[in-house]
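As a plain string of letters, each chain reads:
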Amino acid sequence: MDDQLLTLGLYVGLPALFLGVGWFIGHLSETRHERSLQEREERLKDVEVTDMRNPPGFSNSSGQCMLVTGEAVIASDAFKTWVFGLKNIIGGESKTFARLFGRARREALLRMKEQAKELGFNAVCNVRIEGADIGGNASGTNGKRGSNMAVVMASGTAWLRA
Amino acid sequence: MLIVNTETIPGKSVVELKGLVQGNTVRAKNIGRDIAAGFKNMVGGELKGYTELLTESRREALSRMAAQAEALGANAVVNVRFSTSAITSGASEMMAYGTAVVVE
Chain A
1 MDDQLLTLGL YVGLPALFLG VGWFIGHLSE TRHERSLQER EERLKDVEVT
51 DMRNPPGFSN SSGQCMLVTG EAVIASDAFK TWVFGLKNII GGESKTFARL
101 FGRARREALL RMKEQAKELG FNAVCNVRIE GADIGGNASG TNGKRGSNMA
151 VVMASGTAWL RA
Chain B
1 MLIVNTETIP GKSVVELKGL VQGNTVRAKN IGRDIAAGFK NMVGGELKGY
51 TELLTESRRE ALSRMAAQAE ALGANAVVNV RFSTSAITSG ASEMMAYGTA
101 VVVE
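Those protein sequence lines, which keep their order, are chains A and B.
Read in order, the letters of the first sequence are residues 1 to 162 in the working numbering.
Read in order, the letters of the second sequence are residues 1 to 104 in the working numbering.
Derived by calculation from the structure, the hints in this document are not laboratory data.
Treat the numbers as computed from the prediction; the structure is a model and nothing was measured.
Note that CB positions come from ideal geometry on N, CA and C, so glycine has one too.
Any given hint could be a false lead.
Said to hold, decoys possible - Each pair of labels, with its calculated beta carbon distance range:
(1) Gly-32/B with Phe-84/A: 37 to 45 Å
(2) Ala-71/B with Leu-37/A: 36 to 44 Å
(3) Phe-84/A with Val-26/B: 27 to 35 Å
(4) Glu-70/B with Phe-18/A: 48 to 56 Å
(5) Thr-31/A with Glu-56/B: 17 to 25 Å
(6) Glu-70/B with Met-52/A: 23 to 31 Å
As the list claims (entries may be wrong) - Okay, derived cross-link-like pairs now, BS3-like style, lysine-lysine, Cα gap no bigger than 30 Å in a straight line:
(7) Lys-45/A with Lys-87/A
(8) Lys-48/B with Lys-117/A
(9) Lys-48/B with Lys-95/A
(10) Lys-12/B with Lys-45/A
(11) Lys-87/A with Lys-48/B
If we strip away everything but chain A, and leave its shape as in the complex, we get (with noise of 0.2 Å):
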């Protein structure tokens, strides 16, 4: 009896404390996140963004520009990862998986617009986003079980808005 205890206590409570911890960290740290985020986006939020390669008043501008980077590596926890197994059974959109994407996303935005303001410009233009999958951790191509991350890299001009 003792033992039988023991091994469901080993399949069936680690895993769940596993989980537990994940989705308690998890869900503090990406409450905080996102917290931090609305706070430096309102900050931020004199720093014009936009994806055109030719904005209003960019052509007649000062003429300083320089080209501004931010990215962005942010990690699944176990349980959204466990979630997200669930849901790759019956298919259909991952909430949890968009949400994780949305901070990495908006994280490098943040980063990037950072990186201008300190500069000294107050506009960034032709802004462009995209994803990497670092040593093939994302898609497992190393041989290793993949592990979730969300990988998101923007770059534009920082230019000087009259």
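Starting from the known structure of chain A, arrange chain B on it as the hints suggest.
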């Protein structure tokens, strides 16, 4: 060296085309970062080691591209694009390419 990802530079005109320049770098992530990433996959959160790796490789690729442009006698690189590819065995390539030009 002026580096932008737009086709034009405000207030300046392109007087000479020097051709396509590119710079690339392949960076392997170290084992410490891999272990940290594995752990982070339980609780979630930013993988600072990987973010730094991306930033460093972007800077490296850009500076190699700029060096190539300088060797061609250009003073600016326009229309810069980045591309990445995953090479097996856990390494990533970052490439930056653009058009080297002389602007006035």
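_Which numbered hints fail_ = Hint check: 1, 5, 7 fail, others pass.
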